[in-house]
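As given, the protein sequences belong to chains A and B, one line each in that order. So the first sequence is numbered by the working numbering: it starts at 1 and just counts up by one. So the second sequence is numbered by the working numbering: it starts at 287 and just counts up by one.
It should be emphasised that the hints constitute simulated quantities derived from the structure, not laboratory data. Hints may be right or wrong, so weigh each one.
Quick list of simulated restraints, FRET-style, between CB atoms [stated by the list, open to error]:
{"#": "1", "chain 1": "A", "residue 1": "A161", "chain 2": "B", "residue 2": "A347", "range": "47 to 53 Å"}
{"#": "2", "chain 1": "B", "residue 1": "D704", "chain 2": "A", "residue 2": "L261", "range": "30 to 36 Å"}
{"#": "3", "chain 1": "B", "residue 1": "E859", "chain 2": "A", "residue 2": "R247", "range": "57 to 63 Å"}
Here are the simulated lysine to aspartate or glutamate pairs, EDC-like style, with alpha carbons at most 20 Å apart [as the list claims (entries may be wrong)]:
{"#": "4", "chain 1": "A", "residue 1": "K68", "chain 2": "B", "residue 2": "D571"}
{"#": "5", "chain 1": "B", "residue 1": "K536", "chain 2": "B", "residue 2": "D379"}
{"#": "6", "chain 1": "A", "residue 1": "K196", "chain 2": "B", "residue 2": "D379"}
{"#": "7", "chain 1": "A", "residue 1": "K68", "chain 2": "B", "residue 2": "D551"}
{"#": "8", "chain 1": "A", "residue 1": "K172", "chain 2": "A", "residue 2": "D117"}
{"#": "9", "chain 1": "B", "residue 1": "K705", "chain 2": "A", "residue 2": "D117"}
All figures in this text were calculated on a predicted structure; none of them were measured in a lab. All residues carry an ideal CB built from backbone N, CA and C; glycine is no exception.
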Amino acid sequence: MMTEPQMMQRLCDESAEFARLCQETKAQAARTLSKLPRVLACGLLKAGKSSLLNALTGNLAHEFFATKASRSTTQVAELTVAEVTYVDTPGLDACAADDQEAWRGLEGADQLLFVHDLRVAALDVMEAAFLKELQRRRPDVQRQLLVVLTHAESAATDVDARLADLGVSLKKVLGFRPTMVCTSFTRHRKGVLEHKPTLVAKSGMADVLAHLSHLRHQNDWLASRSVRQTCRQQQLAALVTQATSQRQHELQGLQQARAQLFGYLHNDFGNFLGCLRERLASYERI
Amino acid sequence: MTNTVYTTSIACTSSTAPANRQDLLNTFHTVGAQFEQTRANIGRREASIKTALQRILATSAADMLDKSPLPATDPLCTLLAESSKHIQVIVQDWAQRVQDYERGTAFHARYGDSLLVFVYGKVKAGKSSLGNYVAYGNSDPDDVCVGCATPKPQFFLEADTGASEAMTAQRMQARQRFGIGVTETTSSIQGFTLPGVTWVDSPGIHSMTPVNGALASKYASSADVVVFLSHSSSPGRRSDLEEIAGLLHKDKPLVVLLTASDFVDEDEDDNGQLVQALVMKSTQDRDDQVNYVQQELGVLAPALRERLLDTCVYPISVAYAQAGTDAARWKDSGMAALAARIAHIAQDQGLALKRATPLRNLKSFCDTLNTSSTQLEAQLQTQGQYLQGARTEMRHFGERSLTAMRLELTQTAEKLADKHAMDDVAFRTACQQALERTLRDHGYALFQHLGQSLDKAAASACRDVPLDSDLPGFQKHTMTQRYQSKRREGQGKAIGGGLLSLTFGAAGAVLGPWGAAGGVALGSYLGSKLGSAMGRRYDSHETFEINLGDNRQEICLAVRQAMVQIAEKKMTELCGQLDALCFGATQSWLAQCMADLHTLRQEAQLQSRELALELQTH
């Protein structure tokens, strides 16, 4: 007889989805005391997530979220500013471990900033796959998602064409066209540090903060958090039911096979007994 | 460290390089005969491998269940049909590879007099911009720029998916440049020729339009040199690194470019207006990116470390390069390093590459066949196991039937022996009928088990089961008893004793009383002996027979043994017939596939070994 932990482990081994939901449910349960909204930045490797969060949290002279020319963020990092917790995640499509860590970070997010580099206008297949999976895991993603386009300074001339193309691609993937905000970290940093209001105004950072605030007021993110937890529990229950019925099906197959073999044995033995009895009867007649 | 990689490459030019394009073309012409020889050699090898490949393609294309009478719902059919899907995927992949190989070979042959440079990479990595820049010195040339170009590149279209811009050969001829746009633009294999070089642009991989990427990857093998572009906004993405590792396996010169290694430096003027300047990323940032890509490639493909040493990674910016014509900008943009590398390859390795590319491509094709043949073998083995399982199941069914038949025949023989005791003819006829009935019933059940009906031949075999004529017939078991019906010995003994005792007593009386007594005694003794002997002559005896039963147990045993022997023989025959009927064709198909696969693998391994040796001489 399996113990409960053994059973859970076996279910986790058999279903990656079950393991994920278990982990998310546990993590969310541990986080219930935190009543601060969690704003998470996610996106491809070097899309500009850490820079964006540095800008949103005011870490310009000295960055809090580390950046460099190549891959830098490998762990989920978070910082709370003005009663909002900002969460940075490793870039997608760097390595499997980073992807896994990013998804781990995504578990408790209340608002999502999907960061895309505007220099590469087209949405690529990895981003599309990520967004689809995100939507699968969070059916209510539309109420939490804000698409932040970085490096707007490099696409000043044809930004509308790029936005239009991205909008079409995003709608194709998600089924809706999310709000998109163009940003430029370099404009913002230079503007703030050197007191240049035009640069600050055109950096788009204020727009991001405004959209986040609007989304928070428009949607009860705490209630959404609770709904997601309930949804996970329901999914877990459904997976357990599915695993149970699968086992029952397997058991039924084994029982049928056993019954068939017993049937053969019973039949053969019956024949043998019948033969023996007849023989005895014929001897008795003699 | 990284600077060393792309700065030392700049100096990688050969002193024996052709002085100009005409010199290069003359050299190509001189070695034309060698190309022809290589081509003939390749043709022989191709024919050899293709024969083996076509054989297995033809064998595996046949439906293994086509000749099987088993119903589609039979578990074996279900399993084999499922497994066949995997086989068809592998086989179709092979057929596709053959097509790709032939297309690539034809494409390469069309541009046999120039170095074929293939530009490959993610969507919006800057492939078409780089091509335009190489052709015209401008990433997005206008008509004036195109008209003034010297030498004038000749643009061509090789293939198009029509998924993005729907290019045609006529449009390409008229436009004479690659299309540039903010969205995914290129959907064709397109290119231009300049003296000594054929520059091929391809659609972006990993885009939302997978058909474009698929087309690009089909042509990558046909190149002499591959230039892989990765946008510097996200260098070293795993998907890029995996593509690069795949290209390294093709064993041909590879150059990796980190495009758009620049950034826009912005400020605001006194009027509050934005002013922009495009500058190259810092050397440190460029080094950092190059190092990261090389390091991650080493991690991803440790077996290819030696090939990685020959693979240069260059950060470049076409936009920065085209903004001016001074030497410093040319060098700082990274274009100088790239140009030096391409020139080095063209001048020092160009001829060898032209000859080696078909060999490499064929070797790569053989290696792929060899590797993927294990997948096909695994599938065939799985099918063999399914088939064996079904045959074992049928054999078990036959064995169970035989066990049941033994019991039935035993009981039947005993009943019939009781019923037809002492009537050999009736008994044998009944036994024969019982045996035929049992065989027919179990034969029918066996065939029905596999969804088959007992055909005429098999049914006839069940009827034609004569019992051995040497079997013993019924006999009664009796015992003969003899007994003495009259006994005279005693009477003779008494009479003889009496008479002789009187005779001898009277004679003895002459001698006195003792003589009389002695005479009586002697006479009595002799008389009894003589009388006994005489009386025995007149004893009489009689005999009688006791009926002990009959030999039906022996007959039962003998008949049962004979019937079981026949049943065993017939069931074995029926099982054999059924096995051949249901599984024979599939077994033959499997055996033929395995044999063809073995031949193909041997041929691929042989060709790969010989090609590797040949390539070493280049």
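Structure-based check of all given hints:
1. The supplied range of 47 to 53 Å is met by A161 of chain A and A347 of chain B, whose beta-carbon atoms lie about 49 Å from each other.
2. In this structure the supplied range 30 to 36 Å holds for D704 of chain B paired with L261 of chain A, their Cβ-Cβ distance being about 35 Å.
3. As the Cβ distance of E859 of chain B to R247 of chain A is approximately 44 Å, the hint placing it in 57 to 63 Å is violated.
4. Taken as a hint, the K68 of chain A and D571 of chain B pair is honoured in the structure, with Cα atoms around 8 Å apart against an allowance of 20 Å.
5. In summary, the hint linking K536 of chain B to D379 of chain B is supported, as the alpha carbons are separated by about 18 Å, within the 20 Å threshold.
6. Annotation: proposed proximity of K196 of chain A to D379 of chain B is violated, straight-line Cα distance about 60 Å (limit 20 Å).
7. With a C-alpha separation of about 17 Å, the suggested pairing of K68 of chain A with D551 of chain B holds against the 20 Å cut-off.
8. Between the alpha carbons of K172 of chain A and D117 of chain A the distance comes to roughly 19 Å, so the proposed pair stays at or under 20 Å and holds.
9. A distance of roughly 99 Å separates the Cα atoms of K705 of chain B and D117 of chain A; the hinted pair therefore is violated under the 20 Å criterion.
Consistency with the previously given hints fails for numbers 3, 6, 9, ordered from lowest to highest.
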